[in-house]
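Just need the whole structure built from these sequences, with the hints factored in.
Which chain is which? The protein sequence lines are A and S, in order. 1508 is the number that my numbering gives to position 139 of the first sequence; each next residue is one higher, with no gaps. 278 is the number that my numbering gives to position 276 of the second sequence; each next residue is one higher, with no gaps.
Calculated directly from the structure, the hints in this document are not laboratory data. The beta carbon of each residue, even a glycine, is placed where N, CA and C say it ideally should be. Hints may contain errors.
Stated by the list, open to error - EDC-like, lysine to aspartate or glutamate: derived pairs with alpha carbons at most 20 angstroms apart:
(1) A:LYS1543 x S:ASP275
(2) A:LYS1543 x S:GLU259
(3) A:LYS1374 x A:ASP1394
(4) A:LYS1473 x S:ASP275
(5) A:LYS1539 x S:GLU362
(6) A:LYS1550 x A:GLU1540
(7) A:LYS1473 x A:GLU1544
(8) A:LYS1539 x S:GLU303
(9) S:LYS298 x S:GLU359
(10) A:LYS1543 x A:ASP1454
(11) A:LYS1539 x S:GLU233
(12) A:LYS1473 x S:ASP328
(13) A:LYS1562 x A:GLU1527
(14) A:LYS1562 x A:GLU1540
(15) S:LYS371 x S:ASP275
(16) A:LYS1473 x A:ASP1454
(17) A:LYS1473 x S:GLU362
(18) S:LYS298 x S:ASP275
(19) A:LYS1473 x S:GLU233
(20) A:LYS1374 x A:ASP1482
(21) A:LYS1374 x A:GLU1397
(22) A:LYS1543 x A:GLU1553
(23) A:LYS1539 x A:ASP1504
(24) A:LYS1374 x A:GLU1391
To be verified - Which bits of chain A does chain S cover? Going by a derived footprint, with three or more residues having C-beta under 8 angstroms, they are:
(25) 1390-1401
(26) 1492-1501
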Amino acid sequence: MSTVKVLIVDDHRLFRSGVRAELGDSIEVIGEAEDVESAVRAIAELGPDVVLLDVHMPGGGGQEVLRRVLGAGSTVRFLALSVSDAAEDVIGVIRGGARGYVTKNISGRELTDAIRRVADGDAVFSPRLAGFVLDAFASSEAPPIDPELDSLTQREREVLRLIARGYAYKEIAKELFISVKTVETHVSSVLRKLQLSNRHELSRWATARRLV
Amino acid sequence: MAGVAQGAAAQLRLDPVVLRLAFVLLTVLDGFGAVAYAALWMFTPSESYEGREPARDWSQLAAYTAIGLALLALGLLTGTSGAGIGAWPIAVGGIGSLILWQQADPDRRQRWMTTTVGQVRQNRVRTLAGLVLVVVGAIGFLVANDELVEARSGIMFTLVVVGGVALIVAPWLAALWKELQRERRERIRQEERAEVAAHVHDSVLHTLTLIQRNASDSREVMRLARSQERELRNWLYQPQQDADASVAAAVRRVAAEEEDAHGVPIEVVCVGDCPLTPELSAMVQAARQAMVNAAKYSGSEVISVYAEAEPEEVTIFVRDRGVGFDMEDVPEDRMGIRQSIVGRMERHGGSARVRTEPGEGTEVMLTMKLEKV
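Quick look at the structure:
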């Protein structure tokens, strides 16, 4: 198993060293960055496979990093890592181009898995993100503009539901009698829809969830 | 009689007797005291206003003077003396100023004068009407006295002076206005900050103190940290929900309570929501029992709860990755699963399934069909 080169972007030093210590042997941390500027620079200089990206940071946050790096045509993969549970943040960073979203209370082993998965080009959904996506796609009254992009298939829905129920990919595969690879395909397809669907319900839904 | 004299006197800080005498005098002279009295009675806002008593309001006096003039002019017009057309402009101007001053209650006028901010807008029409009347009155006065031509240069002079003053004063007024806006924003921000500070103090700081005192008890530290985290998240991200009103809120609350009671993290994901009916309440209680079982017996590090409300049915899943058990081995007298979960669901028209194997963890699935209304 080849090692995955990871760059950690987070404005909390304690958290960066914590993540560094927790990651398994198959992950090599090649650098750290603490704000948008240094992150953009480090990604260009170090060429990591995966960037662990904090959502809230000085200088525009994770979304700004995504915009500048992916906007410049880079193919580096991002995994968002945040304490925030706000739908706006979660959906925002995914729509910005991150390939997954996990919360900071994730265990070291799970994080290692998630990084490997993102490095392989797959998507990583936390149970909460899966719940958000189900909610967002379900709460639409308007007919979809592009049926292919604007709605989930039955199978994708089932997979998301199992993720929301706390199932790991392997358990989902077993439950649905499909291969882990197929589960990954479904999740990646949902990710694609989430990123490309331009129906405004998604953003409106995310904003509505934020109203207190 | 109607308290007009008293009210006016109170505003002017004069003895009511003086005003009453004036009214009586006017009435006796040509009957206009009565009219003035009635007019004031109609136009004066009757509600008393609260707050600091203003200093003696000389502007009021000006208003009353204007009214007096207007009345006098009217009196001359209709009265025996018959002073001719010259008195009309005075009457019109007087009525205009009456409108201007009487429409503003002292409170509002005070605000106009001190801050130039105020809800002038709703009064704009009246204000305009008053202004027009005053101007018409003034011009009319000049016309009536054949002095308009002579006064023209004077008016020009006045206009130039007024314009000059306006030019000088405008930047200052603008600065004042900006300053006021800035102050108001600052005040709002400070209030907000105070609220956040109060919240942080009551919750986070308090919990941090507790954590320091319980530093040796890792379980208690964990529990405190979790519960504080949840509380803070709710405060930051969740809309205020009444836990008695909706399924999602009820599930979240139950999970929070059991998490606190057993010190095992319970991750809740809710999709959709619907009002809480008695059946759904029972379902939430069954879910609570499933959480209790998982927290007490499974040894799982974390419990996942997933609740989904669809148009036709509500489903709740409670899952742990603990030791699991063999359904066959559960003794008949163990009430938890049979009575509190399966039995309760069936009594309320729902169903419950338990999936478990030794070493594979446990998942309790609850389903409740929603009645079509």
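Cross-check of the supplied hints:
{"no.": "1", "hint": "A:LYS1543 x S:ASP275", "verdict": "29 angstroms, violated"}
{"no.": "2", "hint": "A:LYS1543 x S:GLU259", "verdict": "33 angstroms, violated"}
{"no.": "3", "hint": "A:LYS1374 x A:ASP1394", "verdict": "11 angstroms, holds"}
{"no.": "4", "hint": "A:LYS1473 x S:ASP275", "verdict": "27 angstroms, violated"}
{"no.": "5", "hint": "A:LYS1539 x S:GLU362", "verdict": "13 angstroms, holds"}
{"no.": "6", "hint": "A:LYS1550 x A:GLU1540", "verdict": "12 angstroms, holds"}
{"no.": "7", "hint": "A:LYS1473 x A:GLU1544", "verdict": "28 angstroms, violated"}
{"no.": "8", "hint": "A:LYS1539 x S:GLU303", "verdict": "19 angstroms, holds"}
{"no.": "9", "hint": "S:LYS298 x S:GLU359", "verdict": "17 angstroms, holds"}
{"no.": "10", "hint": "A:LYS1543 x A:ASP1454", "verdict": "29 angstroms, violated"}
{"no.": "11", "hint": "A:LYS1539 x S:GLU233", "verdict": "33 angstroms, violated"}
{"no.": "12", "hint": "A:LYS1473 x S:ASP328", "verdict": "35 angstroms, violated"}
{"no.": "13", "hint": "A:LYS1562 x A:GLU1527", "verdict": "16 angstroms, holds"}
{"no.": "14", "hint": "A:LYS1562 x A:GLU1540", "verdict": "24 angstroms, violated"}
{"no.": "15", "hint": "S:LYS371 x S:ASP275", "verdict": "14 angstroms, holds"}
{"no.": "16", "hint": "A:LYS1473 x A:ASP1454", "verdict": "10 angstroms, holds"}
{"no.": "17", "hint": "A:LYS1473 x S:GLU362", "verdict": "26 angstroms, violated"}
{"no.": "18", "hint": "S:LYS298 x S:ASP275", "verdict": "28 angstroms, violated"}
{"no.": "19", "hint": "A:LYS1473 x S:GLU233", "verdict": "17 angstroms, holds"}
{"no.": "20", "hint": "A:LYS1374 x A:ASP1482", "verdict": "14 angstroms, holds"}
{"no.": "21", "hint": "A:LYS1374 x A:GLU1397", "verdict": "5 angstroms, holds"}
{"no.": "22", "hint": "A:LYS1543 x A:GLU1553", "verdict": "13 angstroms, holds"}
{"no.": "23", "hint": "A:LYS1539 x A:ASP1504", "verdict": "24 angstroms, violated"}
{"no.": "24", "hint": "A:LYS1374 x A:GLU1391", "verdict": "15 angstroms, holds"}
{"no.": "25", "hint": "1390-1401", "verdict": "violated (count 0)"}
{"no.": "26", "hint": "1492-1501", "verdict": "holds (count 4)"}
The structure shown violates the earlier hints numbered 1, 2, 4, 7, 10, 11, 12, 14, 17, 18, 23 and 25.
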